[in-house]
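Produce the entire structure from the sequences given, and follow the hints as far as they go.
Protein chains in written order, with my numbering: chain A, 130 to 806; chain B, 172 to 345; chain C, 652 to 753; chain D, 2 to 564.
Treat the hints as calculated values from the structure; they're not laboratory data. Just so you know, not all the hints are guaranteed correct.
[Claimed, not checked] Label pairs and their computed distance ranges (CB to CB): (1) C:Ile731 - B:Leu176: 54 to 62 angstroms; (2) D:Ser420 - A:Ser349: 56 to 64 angstroms; (3) C:Ile731 - A:Ser774: 26 to 34 angstroms; (4) B:Tyr201 - A:Tyr786: 22 to 30 angstroms.
[Unchecked claim] For lysine-lysine, the following BS3-like pairs were computed, each having C-alpha atoms within a straight-line distance of at most 27 angstroms: (5) D:Lys172 - A:Lys256; (6) A:Lys507 - A:Lys301; (7) A:Lys301 - A:Lys707; (8) A:Lys505 - D:Lys504.
Where a beta carbon is used, it is the ideal one built from N, C-alpha and C, also for glycine.
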Amino acid sequence: MNPLQHTDPMLLPAHFLHSVALTIFFLPVLTFVILFFTGKHISTSWRSWLATSVVGLMFILSLYVHLSVDVPIIARWSWFSMGTLHMTSGMVLSSFTTSMLVVVTAIALMVHLYSMEYMKDRRNHSKFFPYLALFISAMIGIILSDSLFNIFIFWELVGLASYLLIGFWYQKKEAAAAAKKAFLYNKAADTAFVIALGLIFTYYGTTELTLLRTLISSSSILVPTGIAISIAVLLVLSTFGKSAQFPFYVWLPDAMEGPTPVSALLHAATMVAAGILVLIKCDFLLVEQMRWVLVWTGAITALLAAIQAIRCYDSKKILAFSTVSQIGYMMMAIGTGNTSAAYFHLGTHAFFKAGLFLSVGAVIHTMHHIQQNSFKNKIYLEVDTLDIRLMGGFRKTMPIAFYAYVACYAALIGIPFFTGFLSKETILASLLQNPTYSIPFGMALTTVGITAYYMTRQLYWMFLGDFRLAALYPSCKEEQRKIKENHWLINIPLIVLACTTLSFFVSFHPFHASDIHWMKAPLPIVGGSTSIYLPIASISITLIGVLLAWSMASKEQLYNWKQYWFWTFVQQNYGIEKAVQFVFIIPSFLIARGLTYLDKIIDMWVNAQAYLAVLLAHIVYAIDRFLIEGVLKGIVFLIRIVGSSFRSLIQGQVQSYISTTLIVLALMFWWYLRQLH
Amino acid sequence: MSNILFFFIFFSVQTIGSAVVILFTRNVMYAVTALLSSLLGVAALFVLAGADVLGVIQIIVYIGGVLVLTLFGVMYTYQSPKRYQESIPHKKSVFILIPLLFVLVLLVQALPLLPMIDDPYQHASKVEVTGMLWLTEYLPIFEWIGFLLLVVLIGAGWIGSTLVQEDKSKGEQV
Amino acid sequence: MIPITLYFIVGAVLFAIGTTIVLVRRNVLFVLMGIELILNAASINFVGASQGDYIKLSGQMMTLLIIVIAACEAVVALAIIMVLFKKAGSVDLMELKKLKEF
Amino acid sequence: MESFGLTILLWLPLLSLLVLLVGKYHQPGTLRTITIVTTAIQLIIAVLLFIQMVPEYFPLHTSDSFVYKDFHPWFTLPLGQLGYLSVNYFVAVDGLTISLLLLSSIVLFVGALVSHTIQFQEKGYYALYLLLCISIPGCFVAQDLFLFFLFFEFMLLPMYFLIGIWGGVNKEYAAIKFFIYTLVGSLLILVSFIILYASTYSPTEMVRLSGHSDITVQSIQQAVMDKTITTSDMVRSLSIQDVTKPTNIVPGSWLDPASTTQWLGISARMWVFIALLIGFIIKLPAIPFHTWLPDAHVEAPTAVSVVLAGILLKIGGYGLIRIVWPIFPVEAMQASTVIAIIGVVSIVYAAYVALAQDDLKKMIAYSSVSHMGFVLLGIASGTVEGISGAVYQLFSHGLISALLFILVGILYERTHDRSIAHYKGLLNKMPAFTVVVTIAFFASLGLPGMSGFIAEILVLIGAFQASQVYSTIPIGVTIVATIGLVVTAGYYLWTLQRMFFGKFSVHTSVDAHTLQDLTLMEKVVTYLLCGLVILFGVLPSVLLDTIGPWMQTWVQFLQQSIQ
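Below is the structure:
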């Protein structure tokens, strides 16, 4: 060994649990590789079972790790080195990270079980499970990594996996466009992450979060306030992209082009959760001076997305807007410094949002089957199977999906005895504690009502009343009746997820989250509702929303709100996309065009140089031709005359040759004899 | 003017005159005859210069050998009187300048260089000395010359023989 | 004795005439005769120049050499003339232009 | 004995060249087999050299810093007033060289594999290709600037003919443009080398040539300081070690740091630095010396584009790291802000221009310019991260651009149409091709897990650090560079969306029946490159642990010089 290569004190040996955790990480990577390369060579059911059982194994291992971890244990090894400079990879196992691991693997397991049936007959099936595995492994990477550098890597890989999965049905033009849009919005936000990473590395010398935490808390490295604020702002900006916050959130509704299980995973556990997760991990980097940005962005996002959901008819997009809105709550929580509340809401939201997506997916699945069967009967339903205006009456035909939906719905709008109520109360309470955030608090409270409104509306249109598609195509009535209930593989995840939304699952106190027992409390839940008035207020607002929706929904006519400019504006994402188009994309293309011309100008300049050189050559050639060559030609002409006169002597006759010889001989004699004188 | 000088002039005129005849005649036979006269004149000039032996050799070799050979040549290449009669093209008269150039060189450059030789032994015979030198000092050279002559004769014979062979082959073909 | 100058002049004239024959005449046989004349002119010069020489007789010996060479030359030349005549069918130098370069 | 492998690596193609030229081969493919076997042996040797290489800390610019080394005196030329020129056959391998040697072996091997598209005058083609197989590794291992320049020029000539004879429609224009641009560059380099020659002397060579035991380096240096040795008696060497040593500069010469010679207010040292910089930047290329590249790449046949993008551009970066910066450390640090700005402008500018291209190959060519901007930025940063990133970018871009050009070549070979707008939904027809294209595109846009990411992130981190360590590169400049990342992602994804996704349809000028998926050979080549890209993306330690110490000594040298 080289004596100069000393052991870096930063490096830490690995614990046994780390190898288990690494196994959890590498299992989906392995699945990805195996399934990607075997492709269509193995059957659909084999592929599904393999992927699902791997995720099941991961879930069990995660539970084991979570239950084994007591105090945070960290491993750190050198990933690569440049001389004595090491780039380290760290892994932290704490109750926080491992509980997140459990949440992600649990939801992934549900989604896998669900997908086995849901994706069975779909095109391109051979790619679905590998992409899903990639998605999950990247997410686990974010959860476990202790180094921001590594987090960034998995962060981008999550983006890649979402790109592949959103564009899964690549033949649909919209799907390809949505995938590109999602990736580009994320990439734009990621540049902020790159810059933040560079600044952190420059000013702190490491990107290991545990080390950074120690450095900052001990104030051993003094960083200019401006830099510290910029780092925080940049980190927050980058999470706005992944977690779909204003103004980056416009990619999320479009991302509904992907298969429904993907949406469930993306909204519940992986992609949008990643941003919140990173913010919670980097909480100590978020300086006080900029936290208001988080609160305000969260409040604005929550409100705007909720408003957009009011007039939305796409069953999945409504849920997408609700996700954006709920993530806004989490942002607010982080902004107020109550990261545990954010984390709590993240966990509860993961379950009930997955449940919502899967139950809605079950309905869509049925709709899809109705459409397919109609095709068989030569009835072509040229309709959007996601449109809630065409649904209805599924309460009777699909009771399991309905009740699962209702449970998750209750959790989302914040009905007591459901998990969502607890977590939302905690966030609202922490907002209330800071008097400067009274306006955001008001917005958040308003959003609670709006959420209740649009979710009730969706419930009403989807499950209650009559089957409205049958009004257009009467034969569908029969079809709906035929499909009684979904496959058990779809129903089991629905039942499990519905159970997890009950508040007993996390806390025995139905109105207060302080005695949370959910597995091991990952973070101490601070706050909770301090006054009795807050729950009352929020519950009443929720009830108002529900009742309003009930009364409005029954009266709401098909296609009747579109003429108002406000709703048009809302449905166009408040003009954000237009603004992006005008401020970034069109200028980009103009710049590209312009620079291409500039390139041509440079080229022209180079060519002009070449032409000038050629021109000069021609001028020189002309001089050469008329001046120098003229003189030469004259000489040649003279020589030719002399030559031809001599040549007349040399006509091939011996005598001519002799005469020449003799002349020369005579001259030589002349010369020789002169010498003798 | 001594007798010798008279003879000298006489034979000189004979030699040069005959040469002039060769230059101008159109008849080859006349030319051969004129050549004979010219060579005889040269032989006489040799004798006048005290080279008796050379004069004899001149007559034997030239008149006996070369001239006869030339006559054979004339006979062999005889075509027709028309072709036989040739004319000198006017264009070629320019060539006369070239010999004159040599004469000029001689007169202007060479003659002034000549030493005036005083002859102590007026007209003493050189025959004896010639014989002695032939067989002593110049013997190897003459051996070589003889050998050269042999080679030349063989060569000439060979050249001639190819002609004969060609004739034969032609005859056979016909 | 006869002055060498005279011999030289006679030799020169003979040489001039021989050369003229060589250069001017068209018949190869005439050319051959011209060459003989040139050789004789040279012989005259040698002999004339060695008038006063009674010991070495270099000039005479050289003349003898010339005579022999002349004989050789005549033999070979005539052989060539015959071949030439056979091949070209002519002894006219104006018609023999094979040496012409183009 | 270790230099034996180096000798074989360098001169084996010459043997193959002789075999190729002397024999008559009627069997089709024989010539290609010879070339492939030759490059394969070169690759194996390069890999063996790499594996045996022990990462250690060597003092830079002494002959000890080389792991494999081969030194033979070549000739000594008396040059009158300018003393004696001592030229040696001096080839050696160190941390920087081994990475590029490995890269060039890989790319040349791959280039030989994809040369089957050449249909006429194969003998000439393969002969020129083998000549490249000598000159390119030669350029990397040469430690004498004379030798370096020799190899450098010998690379130019085959390239000119390869583009000019076997190229596309506009090949003559492209070849001449390439030739003139590069010639201007090499002219500047040559002039700089001559000035370097005139301004430095080599005490070690003087000791070696004198043969006296009592003459030492110190005594000679003392004598030069005392001016007892006149300039006409000095032995000068263009060995990189000698030229880069500051103590070897002749006192009072142009390049003497104490000299006050100025022209237009810029010191002579700075002028020579600028000349050398431009000479190598043309090769790199960076804005505004880049316009030869799109034409040359587009017109060249596939294998030649692969070699051009894969290795030839790297020589620019190599020259900057190996020659320019060590000789002129102070000037380089003075100019580093400007150079970083040139690099950033290259990144953003070329990315934007690529966005506007309709020709797939041209787009990739511009992306090369964009990626080479990172090399310039990394070198300008002068930090360990930055320089490692730059070298890693050289390596990674060599692999990725080779892959990209092979893929474009595959498509062009089938349809003779490279227009992006003429294809839609290719994924339906060519699934394997699309998968590889997607991997290549994502690798090129710097997705983590691929080699390009490591390079770019290291360069950016290095550039950020430069703002703090030397306060040379303003943070804003680096932030602008990140815009390039987004635009790069934009044009690649847009191309993917337009060409590969959606329903299948092609322009009427394209024959849809010719669109076959990858053949076995193409699969082997592209999967190999994909595998390498991912390997070096996931395990950068494979390369960086070996070459890292060299980078560190390089930066230490730089820091010592500017103090």
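Okay, the hints, checked on the actual structure:
no., hint, result
1, C:Ile731 - B:Leu176: 54 to 62 angstroms, "violated, 42 angstroms"
2, D:Ser420 - A:Ser349: 56 to 64 angstroms, "holds, 59 angstroms"
3, C:Ile731 - A:Ser774: 26 to 34 angstroms, "holds, 32 angstroms"
4, B:Tyr201 - A:Tyr786: 22 to 30 angstroms, "holds, 28 angstroms"
5, D:Lys172 - A:Lys256, "violated, 42 angstroms"
6, A:Lys507 - A:Lys301, "holds, 23 angstroms"
7, A:Lys301 - A:Lys707, "holds, 23 angstroms"
8, A:Lys505 - D:Lys504, "holds, 23 angstroms"
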